[in-house]
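J.: Residue numbers (numbering that gives the first Met the number 0), protein chains in the order written: chain F, 0 to 382; chain P, 0 to 58.
Since the hints were made in silico from the structure, they are not lab data.
Hints may be right or wrong, so weigh each one.
[Unchecked claim] Below are the DSSO-like pairs computed for lysine-lysine, each with C-alpha atoms no more than 27 Å apart in a straight line: (1) K142/F to K44/P; (2) K2/P to K114/F; (3) K2/P to K118/F; (4) K130/F to K160/F.
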Amino acid sequence: MWGDLNGSIIPRRARPKGWEGRSATRWAERGVSRRSFLRFCGAMTATLALPDRYLPRIAEALEAVKRPALVWLEFQDCAGCTESFLRASRPSVGDIALDILSVNYHETIMAPSGKAAEKSLMDTVRNEKGKYLVVVEGSIPTKDGGIYCTIGGRTALDIAKEVCGNAAATITVGACAFYGGWPAAKPNPTGAVGVQEAMPGITLINLPGCPPNAVNITATVVHFLTFGALPPTDQQGRPLFAYGERIHDRCERRAHFDAGQFVEEWGDEAHRKGWCLYKMGCKGPATFHNCPVVRWNDGTSWPVGAGHGCIGCSERHFWDEMTPFYRRLPTLPGVGVQTTADKIGAWIVGGTAAAFAAHGVASAIRAKARPLDENSETNEEDR
Amino acid sequence: MPKIAIDPITRIEGHLRIEAQVEGGRVAEAWSSSTMFRGMELVLKGRDPRDAWLFAQRI
């Protein structure tokens, strides 16, 4: 095959440009031009909320030839986090992450099965002790001796203790590995918990979300490779670069919230105009995630952009605390632009919601001619 | 006659174990087991039906 570029004929497998005189042939061999590589490094710098001057340092770290080993464990999972990670379509996020790492074990994508698969895992634990990274997807069942998830005859808890316990760091992906996810939703039939609860004290970072964004997973790995440490986190172990700001404060529909312009019914004129979804149950005011900024599907859109409220998937126990999803959030007293995740967390745990939010009241006054719909009737009694 | 077990079966979504009884070079009997349980039905019970799709799509 021959490609056509501005009328000139070039071989399809031509060595990509920009790598002359550089040692990073691995990228060149994969057909990644220096320009694309630097664009990726720039995107990572931005995602990590680092100043531009860090770009060369990130590029330098990623050019280095060492590929740290990574094992990806799946316990009580739906493989949705894996899908989210692998289906990032630009040849940047998923591909590049797989290029900078040696993924030695991942049940959904690896060729070996059975004993051969387990050997890959155990070889990494033994030979790379203290140096490899672990990603955990899915919750860990603790009821009845942990029998509700076994792999190769061992319980999830048993495997996690050995594999996470000997790793340089553990990265939990998704709500399930964070706190138990929907398997831990009431009545939590299998006693599902997150990694932190199952193994307190291990070096760990949480990337919740249902699913988490591939951009954030990759940026966390890039941070680790560049600085030799995990990025700074909040009290729940979530990196601040991705979970430091409320959805609500970065929302493209925020101006409509401030102006009291709300969708009152699915498909109404306000919905068609893209007004605020707060009254339809949007959990953006109580959720910390960078979705409005990094977006999904290569930055195409995100749930609120597509006309559906945020379900609060990066928050602990959202399957119980944020449901029913189409019921309006109860009040958020004192929630301002500067509110931090830790304060909001205290609010949720404390359950002190007592009055309608100022904006809710303002909107109720504006909308007094309209009957309140069922979503607006939510009150603090449920808390 | 040897009984072989393949666990985990990879390149699928979910957890699967296959055991096979081999007799004279042929599989005489085989058993499959799903080695993970979460209890989706129990979790869905009593919830707002409008929330069901959000749970169920994460099976």
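J.: Flag every earlier hint the structure violates by its number, smallest first.
T.: none
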